[in-house]
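Heads up, our numbering is the position in the sequence shown plus 15, with the first residue counted as 1.
Simulated from the structure, these hints should not be mistaken for laboratory data. Small disclaimer: the values here were computed from a predicted structure and weren't measured. Be aware that one or more of the hints could be misleading.
Now the in silico label distances, taken between C-beta atoms and shown as ranges [as the list claims (entries may be wrong)]:
hint, residue 1, residue 2, range
1, 23, 61, 29 to 39 Å
2, 60, 38, 11 to 21 Å
3, 28, 73, 16 to 26 Å
4, 32, 69, 26 to 36 Å
Don't be surprised by glycine CBs; every beta carbon is placed ideally from N, CA and C.
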Amino acid sequence: MTWSVGAGLDGRGVIVAGAAGGIGSAVAGAFATAGAHVVAVDRDGTALDAMVDGLEGSG
């Protein structure tokens with residue numbers, strides 16, 4: 016299955032809840048790659064910090 020983020024997200028804001036988990040992390044990454052400003056939230060602050068570090072490290 017292929018999932019595609021639609022055009023028009025460049026510069027828009029999105030909120031991803033559960034962003035430290037597998038699906039949430041993938042969604043946050045896809046939105047960031049599409050140019051959106053991502054607000055990522057999760058109950059597990061340590062895992063969330065690791066996810067954000069991974070996104071920032073990838074460009």
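Where does the structure disagree with the numbered hints, that is, which hint numbers, in rising order?
The structure breaks only hint 4.
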